[in-house]
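Novice: Chains V and R, in that order, give the protein sequences.
Numbered according to my numbering, the first sequence terminates at residue 230, and the numbering increases by one at each position without gaps.
Numbered according to my numbering, the second sequence terminates at residue 230, and the numbering increases by one at each position without gaps.
Since the hints were derived computationally from the structure, they do not count as laboratory data.
On a predicted model such as this, the values are computed, not experimentally measured, just so you know.
Check each hint, because a few of them may be wrong.
Pairwise CB distance ranges, derived in the manner of DEER restraints [what the hints assert, rightly or not]:
#	chain 1	residue 1	chain 2	residue 2	range
1	R	Arg226	V	Arg71	27 to 35 angstroms
2	R	Ala116	V	Ala174	36 to 44 angstroms
3	R	Val101	V	Ala97	39 to 47 angstroms
4	V	Arg121	R	Asp36	32 to 40 angstroms
5	R	Ala177	V	Arg134	52 to 60 angstroms
If we take Cβ atoms under 8 angstroms as the criterion, some of the chain V residues that face chain R in the derived model are [as the list claims (entries may be wrong)]:
#	residue
6	His37
7	Ala54
8	Leu117
9	His137
10	Ala176
Just so you know, even glycine gets a beta-carbon here, dropped at the ideal spot from N, CA and C.
There are 2 protein chains.
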Amino acid sequence: MAGWRAIGVIGGMGPAATADFLARLVIAASATSDSDHPRVFVDSNPHVPDRNAARVGQGPSPGPVLTAMARALAAQGAELLAMPCNAAHGWADDIHAAVPVPFVDMIAAAVVETLALRPQRVGIIAVGATLDARLYHHRLASAGVEAIDCDLDIVQPLVTRIKAGDTGADVRAAMAAEAARLAAAGVDVIIAACTEVPLVLNAADAPVPLVDATAALVRAVMAAARHPSA
Amino acid sequence: MAGWRAIGVIGGMGPAATADFLARLVIAASATSDSDHPRVFVDSNPHVPDRNAARVGQGPSPGPVLTAMARALAAQGAELLAMPCNAAHGWADDIHAAVPVPFVDMIAAAVVETLALRPQRVGIIAVGATLDARLYHHRLASAGVEAIDCDLDIVQPLVTRIKAGDTGADVRAAMAAEAARLAAAGVDVIIAACTEVPLVLNAADAPVPLVDATAALVRAVMAAARHPSA
């Protein structure tokens with residue numbers, strides 16, 4: 001009962017990725033009854049301003065909406081926050097500054113798991129806003145690891161199709177082909193650095209180890225949510 | 001953008017059923033981009049007092065916790081509420097009375113879909129609290145339809161196993177056997193009247209038409225959430 005802190009999810013980017021994240025939290029709790037689970041507050045808000053448009057100066061910043069969501073979740077009782085959207089972490093500093101509760105950073109969680117694999121070059125499968133903000137590049141570079149971008153002309157349309165509900169064989173094959181291309185280009189680890197990507201790409205589909213940023217965030221959140229006394 | 005009312009989910013009973021419900025809302029939106037989805041607020045609260053214990057007088061009523069959750073979701077911006085737990089609908093009147101926004105009743109939604117099949121006798125696969133409160137029996141009786149209880153000695157332990165994460169072949173086979181037993185007992189429709197049941201029982205596993213109460217609630221919620229102007 002008292003074994004977990006309440007988790008707040010700044011979600012809806014996209015809605016399917018948030019539903020996937022919630023389902024993974026449930027599995028990760030390894031609970032034997034309802035009361036063994038953490039309480040989870042989710043705000044699945046599909047109206048957060050577009051991250052890619054904001055990054056290239058063609059739309060409003062999502063920062064104010066994200067911080068308002070964070071504040072409301074904390075007010076509702078969330079004792080720590082997480083945001084299952086890589087690109088939105090370009091505004092993570094705004095969230096950190098807005099709320100008194102811990103914000104578990106998805107990029108940091110995925111980088112920790114990536115560096116544990118001791119890579120030299122890491123492929124980043126992500127959307128434009130994540131690549132443009134160098135969210136992964138900066139952190140990997142600090143550890144002396146080179147980051148290689150995916151081909152946005154391939155990945156961005158695939159993510160759009162996944163957001164429209166298409167997780168079929170064509171999309172899966174195309175995402176696996178992009179992973180194969182990155183491996184052929186010399187990366188020894190790939191990060192699925194967009195929450196839509198693991199909806200169509202599994203470790204078995206990649207020719208090199210795949211770090212699933214969503215899975216890394218689930219593990220980091222559950223570690224942070226567990227009370228020291230539990 | 002303006003096509004949907006915001007949905008509040010009184011959840012966590014159990015957490016996996018709530019995650020399943022959220023995933024089904026995402027699919028039901030048939031959206032082509034993030035912004036075509038409704039906003040969804042979820043309170044997945046695994047600490048709602050046990051419905052079965054309360055019903056038999058061996059635990060506190062979940063009513064006060066459920067109404068507090070409903071009020072908080074409405075305060076957060078939810079314009080209609082839903083609760084993906086059949087048994088908790090024994091306290092639906094408390095929720096109706098507590099909030100000014102519509103509460104979309106799961107039992108009513110499932111009964112509408114059941115009666116559309118023009119059954120004579122309906123099998124109810126549910127937990128003790130749902131059967132004891134006659135949630136389905138009363139509504140079906142008003143329409144002149146007889147309700148036949150599942151064997152609780154079979155179903156209650158299966159639901160407990162599903163809540164513990166076991167949705168494996170044994171649990172699936174046992175639930176299908178219970179559906180077959182009800183059909184052999186003369187029911188012409190079965191209602192999956194516990195949100196854990198559709199996690200292991202599909203229409204293809206039942207020898208008579210199966211009404212999935214979770215699916216009925218998703219359809220009713222999405223119909224209620226769509227703005228008349230949309």
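Novice: Look at each hint and say if it fits the structure.
Specialist: Hints versus structure:
1. R:Arg226 / V:Arg71: 27 to 35 angstroms: holds, 29 angstroms
2. R:Ala116 / V:Ala174: 36 to 44 angstroms: holds, 41 angstroms
3. R:Val101 / V:Ala97: 39 to 47 angstroms: violated, 32 angstroms
4. V:Arg121 / R:Asp36: 32 to 40 angstroms: holds, 38 angstroms
5. R:Ala177 / V:Arg134: 52 to 60 angstroms: At 57 angstroms between Cβs, range holds.
6. His37: Result: holds, 4 angstroms to nearest chain R Cβ.
7. Ala54: Since chain R brings no Cβ nearer than about 14 angstroms to Ala54 of chain V, farther than 8 angstroms, the hint is violated.
8. Leu117: violated, 28 angstroms
9. His137: violated, 25 angstroms
10. Ala176: The hint is violated - Ala176 of chain V has no Cβ within 8 angstroms of chain R, the shortest such distance being about 23 angstroms.
Comparing the model with each earlier hint shows violations of hints 3, 7, 8, 9 and 10; every other hint is respected.
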